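Novice: Now for the letters of each chain:
8 protein chains.
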Amino acid sequence: MKRDPFNETGCLKPEHGEAGQALQGNTFADLGFAKVDLSREQRNGYPEVIYGEGKTAEQIIGIIQAMRKQTVNILCTRLSSDKFETIKKATPDAVYYKTARCALVNRAEVKQTQSYIAIVTAGTSDVPIAEEAAVTAEAYGNRVARVYDVGVAGIHRLFARLDVIRGAKVVICIAGMEGALASVVGGLIDKPLIAVPTSVGYGTNLKGVTALLTMLNSCASGITVVNIDNGFGAAYSASMINHL
Amino acid sequence: MKRDPFNETGCLKPEHGEAGQALQGNTFADLGFAKVDLSREQRNGYPEVIYGEGKTAEQIIGIIQAMRKQTVNILCTRLSSDKFETIKKATPDAVYYKTARCALVNRAEVKQTQSYIAIVTAGTSDVPIAEEAAVTAEAYGNRVARVYDVGVAGIHRLFARLDVIRGAKVVICIAGMEGALASVVGGLIDKPLIAVPTSVGYGTNLKGVTALLTMLNSCASGITVVNIDNGFGAAYSASMINHL
Amino acid sequence: MKRDPFNETGCLKPEHGEAGQALQGNTFADLGFAKVDLSREQRNGYPEVIYGEGKTAEQIIGIIQAMRKQTVNILCTRLSSDKFETIKKATPDAVYYKTARCALVNRAEVKQTQSYIAIVTAGTSDVPIAEEAAVTAEAYGNRVARVYDVGVAGIHRLFARLDVIRGAKVVICIAGMEGALASVVGGLIDKPLIAVPTSVGYGTNLKGVTALLTMLNSCASGITVVNIDNGFGAAYSASMINHL
Amino acid sequence: MKRDPFNETGCLKPEHGEAGQALQGNTFADLGFAKVDLSREQRNGYPEVIYGEGKTAEQIIGIIQAMRKQTVNILCTRLSSDKFETIKKATPDAVYYKTARCALVNRAEVKQTQSYIAIVTAGTSDVPIAEEAAVTAEAYGNRVARVYDVGVAGIHRLFARLDVIRGAKVVICIAGMEGALASVVGGLIDKPLIAVPTSVGYGTNLKGVTALLTMLNSCASGITVVNIDNGFGAAYSASMINHL
Amino acid sequence: MKRDPFNETGCLKPEHGEAGQALQGNTFADLGFAKVDLSREQRNGYPEVIYGEGKTAEQIIGIIQAMRKQTVNILCTRLSSDKFETIKKATPDAVYYKTARCALVNRAEVKQTQSYIAIVTAGTSDVPIAEEAAVTAEAYGNRVARVYDVGVAGIHRLFARLDVIRGAKVVICIAGMEGALASVVGGLIDKPLIAVPTSVGYGTNLKGVTALLTMLNSCASGITVVNIDNGFGAAYSASMINHL
Amino acid sequence: MKRDPFNETGCLKPEHGEAGQALQGNTFADLGFAKVDLSREQRNGYPEVIYGEGKTAEQIIGIIQAMRKQTVNILCTRLSSDKFETIKKATPDAVYYKTARCALVNRAEVKQTQSYIAIVTAGTSDVPIAEEAAVTAEAYGNRVARVYDVGVAGIHRLFARLDVIRGAKVVICIAGMEGALASVVGGLIDKPLIAVPTSVGYGTNLKGVTALLTMLNSCASGITVVNIDNGFGAAYSASMINHL
Amino acid sequence: MKRDPFNETGCLKPEHGEAGQALQGNTFADLGFAKVDLSREQRNGYPEVIYGEGKTAEQIIGIIQAMRKQTVNILCTRLSSDKFETIKKATPDAVYYKTARCALVNRAEVKQTQSYIAIVTAGTSDVPIAEEAAVTAEAYGNRVARVYDVGVAGIHRLFARLDVIRGAKVVICIAGMEGALASVVGGLIDKPLIAVPTSVGYGTNLKGVTALLTMLNSCASGITVVNIDNGFGAAYSASMINHL
Amino acid sequence: MKRDPFNETGCLKPEHGEAGQALQGNTFADLGFAKVDLSREQRNGYPEVIYGEGKTAEQIIGIIQAMRKQTVNILCTRLSSDKFETIKKATPDAVYYKTARCALVNRAEVKQTQSYIAIVTAGTSDVPIAEEAAVTAEAYGNRVARVYDVGVAGIHRLFARLDVIRGAKVVICIAGMEGALASVVGGLIDKPLIAVPTSVGYGTNLKGVTALLTMLNSCASGITVVNIDNGFGAAYSASMINHL
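Residue numbers (UniProt numbering), protein chains in the order written: chain E, 1 to 244; chain H, 1 to 244; chain Y, 1 to 244; chain U, 1 to 244; chain F, 1 to 244; chain X, 1 to 244; chain R, 1 to 244; chain P, 1 to 244.
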């Protein structure tokens, strides 16, 4: 589908793309308070995802209804169980994942990947973020291997699971406190690693900023980082990679 | 080589890996001031890379000589032209890339990928970081498409090159100042995007922290981030993805 | 009314203004806990506005009563619905705008402008700040065009509304998260743009500081910035410009 | 030219704008290291401005030559006198403003405004930023009234010049240290005020961050803010307003 | 009492003070959880003051009882009305100042000063901190002149009260938001000014840090600063000065 | 001269001051780049002081000449010895204090105080700031007692000089690193203490911010603080107090 | 047990340790949400400690039951009394320390040390952190001397207890606000001092960051620091030292 | 020498120490710019150490001469080779350690410990800080085992040296970048670990703040931390522990 941008001598060919062409056919549903992007899947490979925080249950229901006109799976993240109660009444086919704080309306068959994503956490308190990542990844058709609570304070726990981690096509590493796990895992594998700092910790953890800084400065190569507590974002990128 | 960690019912199989096995055969050369990791390629897929800043020319020469015992390409980043003059005398086969501030000793044939990495910059001042990424990616056998100076202040320049960017297997997006380009590109493609904030800017740019924060908080999904000015790290991860 | 400060050769003429003259006739009502500025309209073009946060309902009622002695419209921002219940009893002609969290006592006819202010938001969660701006602008007699939820993750939504935005005399652009929308809009219009960062986001959004930094460092020119969540301030400045 | 986006009942009319149309006819010159935006004036009202910092003299000369194909004035900011020496040889019609650190190639007649911009500084050390603003504003055809060194430590100096300030159509207020001047001026005028924090100061001035924070939190309304030391940006916005 | 440390030629005389002598006779009451300093008045001129936050009502009662053995006035700051209810039962002679959130047990006659302290606030929301200062200052025998809500947005209010402020022996200036009032007052008086930043504001006010930075960087001389919201500390220092 | 603002019942009398009256007779010399405040002494008790940093030698000479028209002493702080060489030629009666980096032109007799200011430093590296304070204080006619290098690591040195410190009318305490000395001295004296944080230290000293924070949060009462390295400001306030 | 790594000439002997050997025999109990480290005591000298915050009562009970299979004492820190109520039912032999917010299940005899740890606090509000340290230290068999509320504002209280502090083998010094106590104690003793900053304070205390910075920059030597409010960590390290 | 502060029932005995007694016999040499503490060894176990930064060579010579009157070894840290050249002439028995940037005047026999301190670094660039620690530790009579460049990117290098590290009585762990090494080592040993963050790194390393935060938040217990680049401080504390 994509043209090869290099000519036969290995140089970039001149190009004359235009915004109009690039965005042609992109549409949205205008709800007043929201303009639901109906071309996200065509453009980005995945349909729009509803970020539940800061939206009322009524607004979320409105967006779900606008999206139902397409045959796409509808994922809503950062959703409290309270709001879900209200939403459930309007969309009875929605399923809630409590630890992950996500709701999913499954409306399209998604083929599962052969390769898998390993989701690794340093501690027990990081599990909610890991589950947000896992639910997202599975909604996008990825096999997921969960490897939880293998922080470096007891590093033999990590070595005992290293084969699972090394077998993945892409690894998500989730840690709060000082976030050192990402560097250690990064030094032991030959696959892309997406690091997720969590706000788990106290004092100079600074609500996850310390873990974030650790991961950005890792002495191991091959590590990229997402925002604090952003399990969804890590899974989204990992899914893109796992589907390559 | 990797065993599938799932059993026939889709659950993780029990495992009994050990650190010893995991690290068996890993070796290093002890130079006193440095312990050169000779198993990096076996473990991570790429040989150790020399970070030139904070090392003397003599130390770098010592490390290069230790690495020469293996048939690997030797890359040295963040290397001033002054230091390279000294190093050149000891290793005449080294080549220097001035804008990228990298040296390369090519000792092993690397097969070039069919797919390519697009390296996109917002401005002209981001080019040195882009070239560090490009030289690194090419040293690892990747085809690279350079798309420079397409920042959002003149967004038609980006649309004119969008086909090249969309054709890549993975995109590196490099921007200083407010770093908004990453969000815009991320919203237009369906491939993983690695964002590199640069220290280009002044005042509240805070030496790149602003661009970093922008990229971490992007409203577009599928974006992961590396440290400020870390062109090498972005290319390293992109190469891992491009070779999948 | 204002003298031209330049003489016939284009140089500034010498001047001998005095504080006394500058402030002559300025008065205030002293309530003990507050000194209500009764000359704000004469000096600044608009009457004093009551900032509701940190004041009790009783204090606000007192200030409204002091202002009633003049024929000016009375605007109170950052007002909870709880406090308004109490205030409503004392000033039954007050109207409450729930999303905007503002109350207005309309006591003077305001002529509406021909030109209009465009208020643009990146997302749905930015709407409360946008409504604070809209209510303020309309109270000051401006026509307002609301363009909500056109963030760069789905940039075709912005292009679909670009004509409305370009038609305004001044544009207010409101965004949380990474705030990239301001740069993109700024690059597409030839009118002054006032950017409002919002505290919408999480993690390294840092309660709006990230969006603020993005807007201050924009690569597009013609952008000025107000405090985080300061919809009122943006509308106040925009109204000054729209009335020129 | 712009259509009125409101229909006869005062509501926004439906619209079907497209990116292609919005960006139609926008062009650029591709120099490899830079893509010079040749449609900036058509889109934004002003031609592209060259930010001199971080560009070599050779790169600047290249951009100037690309721009010469249009009949526009060429402004280059943040330009050291060293670089200008080199540039001067290639473009002998360029003029250098030393205190402002700007160069200007005057190639198009610009009509001067009747109304004027007042540029006010708190101290003597803020003058270089003020001159960057003044040169920019004058290059765009604005009359400028300079009111320097009227900081609040000797507030009678400000009152002595208040008539000049009040007579302007828009005011630029430039201050370092604690930046209090912006609040005082803002409370005395009825015109838009653009505040420019400068990096003048020491200790907890934090290179201008303190003045920036002061200006963003001003108790006076009608103040918007630009980046630290961004005299150019303030003048660009002020010119847009002054030309309304 | 104090010896003059200079000899007849104006040089410092040699001295042989010892810690033992310096602290001789200093005593305390050991309550286990607290060691009540019974020599504070002898050493510092004022008895120990109880900081109510983070202490239980029972602990405060214990400390009051230990202090009752001396004939000193007992001041307790940062005390919630809830805790005071409990304390009142054990010490019925305690008086509560609601706005100031202070309790006072008057047990010693304090002579009132002839000179007075002016306490000046920028806004209405700063009054609680001002009252903490006023109650403290009055408990220490100072006459106090309250000048509230004279912020620079309506600077004529300040000029109308300037004579009161200039007549004081020492001035306390209390402001939140951008804190510019301190600089303006400082530039108009010839007496020491103690500035108190308050946490009043939002967004980049950063809970008072902005006002603090403003005050530390004031272009006016003669200003010293205390911690955010520290009305007590300002009054304590002002009282020392007022009693000189 | 100052009227007592309280009436016979102890309440504030109504007042009708005006800005004009307040600033009447205030004058300045307009040099273009500077407006020299010629009424500073009348208004603040001390003539304007020249802050040497960020001004050229020529500008400083101009300001000195404007001030010479009055019979006041002229103090210039933050002055490099290089600039002084040039200034010396134009104003041969200027004296340079090398450690303090100040110049003084003595043109008016100043009566020396009987009471004295104690200037206390924690270490040897704090001496330049201490000397800036001492030269300033002496220029304003204060006797000064220097007590240097008595930091808490060897607290017996402090106790040995405690009598000198206690004998002062006001104490300036200067410390870098962690700044603990201010708290210890503050707990031992009954006089106002002005604390000056210095930028002496490394790592998390953060160029003096740590010492500043320490001083603002002191558990000892009676301490007020000035900006980092602001020896001049501390001496200015101390002189005001010492002259009461 | 440990081999002396130096050979007879005082140089390090070559070594061939392996991860396998280093971690041989290390085991854990896999509970799914947690992997309880059963080799912590063998590796680190102390069994794993349960950090109660962010874990449910059910999770804590599960971990306690897994640990019961070993004969070790089980310590749980940061445990609310609410959660303890639930845990108490499942493990009736658990004891709760209210001020310290710790629970302890005593299952192994611990021999008490002859030497002791002194735990020193600056104020009464620091006592909860001090008790967390004391309970931890005593659980590990250390004698503890509590010296509370001896902050530098009344330094004679510290001198009165100095003999107890000097008699300890290691000192823990706990302080909030400005944290100056650590420097003073550090300058008076010849034993290791572990400093614990607490979040006690307000305004620029920044939730303990100020005390932390003070302690890291202490002018006294021999001081090391742990995280804010980390009484457990200080006691853990102190116990290691006290048992040497 | 120290009395046991516990009585026969295990409670603290009442005590009546006094500052005089505590500091009795403490002396210093007053050089004007410095008060050399001659009782540091008696009070703290080690003589005063000269911090070379911010002192002139002349001042350092003066302090050395004052210290020569005692029979103690004189250590000067943070000393440039330039200054040492001057010092060498005045004190020919001084020895300079180039990498460590320390000078030592050996005047007293120091007995060497049997146990040793392990000094571990993550990278080659951390070696200067490690050598400052090593020279300090050796000057105080400690055996030192250097284990350099064993960062977690190649963790087998650490395991290969784990026996040396485990054999030490106390471990100093030095790392820049993300500082993860401290957590890994801390999880593998049963001895106190003192962590030293270094300023090695770039971008969000923030001159060592990232490594510092990592170490303060370590998930491994038994770790205490010193200031950034403070090799001396770590060695001082480690020596105290090693000598117990």
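Hints in this document: simulated from the structure, not taken from any laboratory.
Please read all numbers here as calculations on a predicted model, not as lab measurements.
Some hints here could point you the wrong way.
[Stated by the list, open to error] With a straight-line cut-off of 25 Å between C-alpha atoms, the simulated DSS-like cross-links for lysine-lysine are:
id : chain 1 : residue 1 : chain 2 : residue 2
1  : X       : K207      : R       : K207
2  : X       : K69       : X       : K111
3  : X       : K207      : P       : K88
4  : Y       : K111      : Y       : K89
5  : H       : K207      : X       : K69
6  : H       : K207      : U       : K89
7  : H       : K207      : H       : K89
8  : E       : K89       : E       : K207
9  : R       : K111      : E       : K207
10 : X       : K111      : F       : K207
Novice: Run every hint past the structure and note whether it holds.
Specialist: Hints versus structure:
1. With a C-alpha separation of about 21 Å, the suggested pair K207(X) and K207(R) falls inside the 25 Å cut-off, and the hint holds.
2. With a C-alpha separation of about 21 Å, the suggested pair K69(X) and K111(X) falls inside the 25 Å cut-off, and the hint holds.
3. Proximity of K207(X) to K88(P) is assessed by CA-CA distance (about 31 Å); at most 25 Å being required, the pair is judged violated.
4. Distance hint between K111(Y) and K89(Y) is unfulfilled; the C-alpha atoms sit about 29 Å from each other, more than 25 Å.
5. Of the supplied pair hints, the one linking K207(H) and K69(X) is violated, its CA atoms being roughly 47 Å apart against a limit of 25 Å.
6. Of the pairs offered as hints, the one joining K207(H) and K89(U) is violated, with about 33 Å between alpha carbons and a cut-off of 25 Å exceeded.
7. This hinted pair does not check out: K207(H) and K89(H) have alpha carbons roughly 35 Å apart, beyond 25 Å.
8. Note on K89(E) and K207(E): the hinted pairing is violated, with a Cα-Cα distance of about 35 Å set against a maximum of 25 Å.
9. Note on K111(R) and K207(E): the hinted pairing is violated, with a Cα-Cα distance of about 39 Å set against a maximum of 25 Å.
10. At roughly 44 Å between alpha-carbon atoms, K111(X) and K207(F) are farther apart than 25 Å, so this suggested pair is violated.
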